[in-house]
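Here is how the chains run, residue by residue.
2 protein chains.
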Amino acid sequence: MLERIRLESLREKVTTAEDAVKIIKDGMVVGSSGFTKAGDSKAILAALAERGKTENIQVTLMTGASLGHGIDGKLADANVLKKRMPFQADPILRNKINNGEILFIDQHLSESAELLHTKNLQNIDVAVIEAAYIERDGSIVPTTSVGNSVTFAALAKKVIIEINTEVPEEVYGIHDIYQAEDYPYRNVIPIVAPWNKIGRKSIPLDPNKVEAIVFTNKKDSPADITEPDHKTTAIAKHIIEFFENEVQLKRLTDRLLPLQAGIGKVANAVLTGFKDSNFYDLTMFSEVLQDSTFDLIDSGKLSFASASSITVSAECYERVLGNLSKYREKFVLRPQNISNTPGLIRRLGVIAINTAIEFDIYGNVNSTHIGGTKIMNGIGGSGDFARNAYLSIFVTQAASKENKISHVLPMVSHTDHTEHDVDILVTDIGLADLRGLAPRERAQKIIDNCVHPDYKEELQSYFDRACERGGHTPHLLEESFSWHLRFSETGSMKKKTTEEVYN
Amino acid sequence: MLERIRLESLREKVTTAEDAVKIIKDGMVVGSSGFTKAGDSKAILAALAERGKTENIQVTLMTGASLGHGIDGKLADANVLKKRMPFQADPILRNKINNGEILFIDQHLSESAELLHTKNLQNIDVAVIEAAYIERDGSIVPTTSVGNSVTFAALAKKVIIEINTEVPEEVYGIHDIYQAEDYPYRNVIPIVAPWNKIGRKSIPLDPNKVEAIVFTNKKDSPADITEPDHKTTAIAKHIIEFFENEVQLKRLTDRLLPLQAGIGKVANAVLTGFKDSNFYDLTMFSEVLQDSTFDLIDSGKLSFASASSITVSAECYERVLGNLSKYREKFVLRPQNISNTPGLIRRLGVIAINTAIEFDIYGNVNSTHIGGTKIMNGIGGSGDFARNAYLSIFVTQAASKENKISHVLPMVSHTDHTEHDVDILVTDIGLADLRGLAPRERAQKIIDNCVHPDYKEELQSYFDRACERGGHTPHLLEESFSWHLRFSETGSMKKKTTEEVYN
Numbered sequence: 047m048l049e050r051i052r053l054e055s056l057r058e059k060v061t062t063a064e065d066a067v068k069i070i071k072d073g074m075v076v077g078s079s080g081f082t083k084a085g086d087s088k089a090i091l092a093a094l095a096e097r098g099k100t101e102n103i104q105v106t107l108m109t110g111a112s113l114g115h116g117i118d119g120k121l122a123d124a125n126v127l128k129k130r131m132p133f134q135a136d137p138i139l140r141n142k143i144n145n146g147e148i149l150f151i152d153q154h155l156s157e158s159a160e161l162l163h164t165k166n167l168q169n170i171d172v173a174v175i176e177a178a179y180i181e182r183d184g185s186i187v188p189t190t191s192v193g194n195s196v197t198f199a200a201l202a203k204k205v206i207i208e209i210n211t212e213v214p215e216e217v218y219g220i221h222d223i224y225q226a227e228d229y230p231y232r233n234v235i236p237i238v239a240p241w242n243k244i245g246r247k248s249i250p251l252d253p254n255k256v257e258a259i260v261f262t263n264k265k266d267s268p269a270d271i272t273e274p275d276h277k278t279t280a281i282a283k284h285i286i287e288f289f290e291n292e293v294q295l296k297r298l299t300d301r302l303l304p305l306q307a308g309i310g311k312v313a314n315a316v317l318t319g320f321k322d323s324n325f326y327d328l329t330m331f332s333e334v335l336q337d338s339t340f341d342l343i344d345s346g347k348l349s350f351a352s353a354s355s356i357t358v359s360a361e362c363y364e365r366v367l368g369n370l371s372k373y374r375e376k377f378v379l380r381p382q383n384i385s386n387t388p389g390l391i392r393r394l395g396v397i398a399i400n401t402a403i404e405f406d407i408y409g410n411v412n413s414t415h416i417g418g419t420k421i422m423n424g425i426g427g428s429g430d431f432a433r434n435a436y437l438s439i440f441v442t443q444a445a446s447k448e449n450k451i452s453h454v455l456p457m458v459s460h461t462d463h464t465e466h467d468v469d470i471l472v473t474d475i476g477l478a479d480l481r482g483l484a485p486r487e488r489a490q491k492i493i494d495n496c497v498h499p500d501y502k503e504e505l506q507s508y509f510d511r512a513c514e515r516g517g518h519t520p521h522l523l524e525e526s527f528s529w530h531l532r533f534s535e536t537g538s539m540k541k542k543t544t545e546e547v548y549n
Numbered sequence: 047m048l049e050r051i052r053l054e055s056l057r058e059k060v061t062t063a064e065d066a067v068k069i070i071k072d073g074m075v076v077g078s079s080g081f082t083k084a085g086d087s088k089a090i091l092a093a094l095a096e097r098g099k100t101e102n103i104q105v106t107l108m109t110g111a112s113l114g115h116g117i118d119g120k121l122a123d124a125n126v127l128k129k130r131m132p133f134q135a136d137p138i139l140r141n142k143i144n145n146g147e148i149l150f151i152d153q154h155l156s157e158s159a160e161l162l163h164t165k166n167l168q169n170i171d172v173a174v175i176e177a178a179y180i181e182r183d184g185s186i187v188p189t190t191s192v193g194n195s196v197t198f199a200a201l202a203k204k205v206i207i208e209i210n211t212e213v214p215e216e217v218y219g220i221h222d223i224y225q226a227e228d229y230p231y232r233n234v235i236p237i238v239a240p241w242n243k244i245g246r247k248s249i250p251l252d253p254n255k256v257e258a259i260v261f262t263n264k265k266d267s268p269a270d271i272t273e274p275d276h277k278t279t280a281i282a283k284h285i286i287e288f289f290e291n292e293v294q295l296k297r298l299t300d301r302l303l304p305l306q307a308g309i310g311k312v313a314n315a316v317l318t319g320f321k322d323s324n325f326y327d328l329t330m331f332s333e334v335l336q337d338s339t340f341d342l343i344d345s346g347k348l349s350f351a352s353a354s355s356i357t358v359s360a361e362c363y364e365r366v367l368g369n370l371s372k373y374r375e376k377f378v379l380r381p382q383n384i385s386n387t388p389g390l391i392r393r394l395g396v397i398a399i400n401t402a403i404e405f406d407i408y409g410n411v412n413s414t415h416i417g418g419t420k421i422m423n424g425i426g427g428s429g430d431f432a433r434n435a436y437l438s439i440f441v442t443q444a445a446s447k448e449n450k451i452s453h454v455l456p457m458v459s460h461t462d463h464t465e466h467d468v469d470i471l472v473t474d475i476g477l478a479d480l481r482g483l484a485p486r487e488r489a490q491k492i493i494d495n496c497v498h499p500d501y502k503e504e505l506q507s508y509f510d511r512a513c514e515r516g517g518h519t520p521h522l523l524e525e526s527f528s529w530h531l532r533f534s535e536t537g538s539m540k541k542k543t544t545e546e547v548y549n
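So the sequence lines, in the order shown, correspond to chains X and P.
Numbering (the numbering used here) for the first sequence: 47 to 549.
Numbering (the numbering used here) for the second sequence: 47 to 549.
Isolated chain X (complex conformation) (with noise of 0.2 Å):
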């Protein structure tokens, strides 16, 4: 074990989590890595909530993205999160969210590390950092996950390290390892292909920052992997059909440009949906590698994939760590500041599909909020993405809960993405592409191709009585959330009858 600390001088720091994690005091901001469940902390923040159950203290918490282990669940369980951010995913964290007990930030993920270097958020006082080893000189190397760590670990005035041996020695060279430069010095990032790397294999740390070392041997948790079902399926479809016709119509080539995929069940379906075409020499720039990544390199239709980390199957897991020989030149791992700036993936030309909550007649997206209130999880990297790619997709299905809700509406109850943003919207019923469209043209679109048809009329009703009374963006304000009110009076977005609202 100790073997993984070759800075011999840093053997004196292991101990327990419970005794590092008195390293933190109460008031204190801990950045921890770990994105979307990979690479986070597995030892600390769980001691953490165990001090918080005997004891008051209360931190700020900044991550990569979300937290594996239901720990933000056990941390806002034992009262110690004060603040939250830059994204979450937990549902007892969301409740208490929600009920005011803790305050949120939802951030572009890219922006969090920015915010943190140019001092326009309050500085780390303790970084806790999961590696798969500690170099010669003191650097980490980190496991999954690349997230804010490199902020983190520049930043923050002490450093924890998880070392867990359940990850291979061998994740090193998987990690591009880059910062940008500080104001008013910053230089290019020299970024020009998703498989370009420009930065370190380790995450450069002063030796001298590190109170702590804990040895841990938990895999991060799983993905939920979830068959397509009939929904997921017809959005896929509906995605690879607009680009053979993007192809025909020579405005794409058959390698398309490099795809961004938000995590979840539709975006697993459409790469997965890629295994099946005609389309080859794929590569990814993105924030997350799900299973289908692995899957489409395994099928030889992918090439490269960049991203921030690594959040599979077990299964999938396994696969890739046990054999990083075969997929370590096959992807990279970046910083979030570098995997979604906002720069790169304008400049090299992304496709961004991404899910909604709900978007409205005119294609503005609701990506986080239910009802317009009650934070689900956050906006994450979709407005990093959505804004500068070639092509912003977002996908919801038309309608359900027995098809009492509605995810095509006359005005979104919270808007993450404005219209300028959206270039493609697809339902399960059908794709509208927006691209050159006025607003009263793009309503009449979505319309026509996206909305259930039990809510088809009803909202044709709306556009219309709102054109009569003008406007470049036709609205009846008065109307606007007229679906959202009756759902929550009556558990159905639908005007009819009870009897129908049961069929």
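If several chains are the same, the list does not tell them apart, and a pair holds so long as it fits within one copy or across any two.
In silico lysine-lysine, DSSO-like type, Cα no more than 27 Å apart, as pairs:
(1) K296 x K255
(2) K68 x K128
(3) K71 x K99
(4) K165 x K296
(5) K99 x K129
(6) K296 x K203
(7) K283 x K165
(8) K128 x K491
(9) K450 x K491
Just so you know, these hints were derived from the structure itself, not from any lab.
Starting from the known structure of chain X, fit chain P onto it as the hints suggest.
Chain P only, in chain X's frame:
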């Protein structure tokens, strides 16, 4: 005059505007120079409007941004415009857009050229470009703006050039003409400081595409310069004090970082405010240079300004174009897909100051739509800058029209900038620094600092009652637009008695 056509073979193309405009046919897409009234077509678009009076002809018109000399209104009046993009600021055109007679696409100004190059928009049939003169190689030396002219010249099937003899040939060298490569072979844009010049001095053009050349001698429409009033002065004071405090806290130096300022009197007031400050060696990385820019250059406060156009008063127009030897090392005009590109804005750490129509308690900003439906001008470059800026500042007056309108509201009626992209909000009442704050904290800060006293109590009540119902972003959807609706019904957002409305 003819010596302004240095490629002699093109001299035979000289003709009248009436003759040249015949190249434009019904249904075509026309791309014209012109960015915020600078460097626009003076002859051809006017001749097109004339044709429209007696002929059924409708075109899609793309420009850099807004046009001068009321030409958008004349074209709209003559029923010549089918579709217009990416920006406008004309009262007649605006009305026709809001009536649904003319379609308008409101685009981030950095994106139009991208969308054309990637074939995500219909291609340009005819480009109309104002020039100072034509070089020996057929390339065009533009005038007071660059806008989208480089893209129009590259992609249009046919080109009409307007040589404006009002503009001295000495403008040669004030432009930096650079275009990114096509996908997937795009390289870095090698600008790391506002003063970097990376391109040619003229717009490349295949002379075979030139179908007509017309001569004009008309100045740009002058900018409307209004003296700062007590509100704009108050807003400017809050912002300058904020900067001074950032310097105190060592988050900024007294050189600040490159400034972007939206068009209008607040931006002018803020820049003017620097004249009597301790800041020095300031720079701009903006889209429009206004009078205040040149005043700051004259006062020695501003070292360099980068933008896509010069939109100034008649006096300042003479001063700048008549003294190019003095000013030419102090500023540069770039294509708008360079001046506004997200990657550069983030790389340079721009401080962005833009104007809001209204903002809400969470810091979402409406920059475009009156009452949620009627467009004013368009989003322009505000989204390019706000999203990627080091600091994103939005300003508006707290209340207007005898305080019958509050510009700080429970919920914006249209979202152009989400709370993720808004750091600082300023009204004449005060400034709210929202960095590092969760939504509920943002709301309280905005209510405390920005709202007009007449509306403070009711806004606090809305927020408090929304919080009781819960949520990460508490709202009462049934009441969110009640202030807008009250204004439609009563002519005032105030809940109070008629007596108080007229106080």
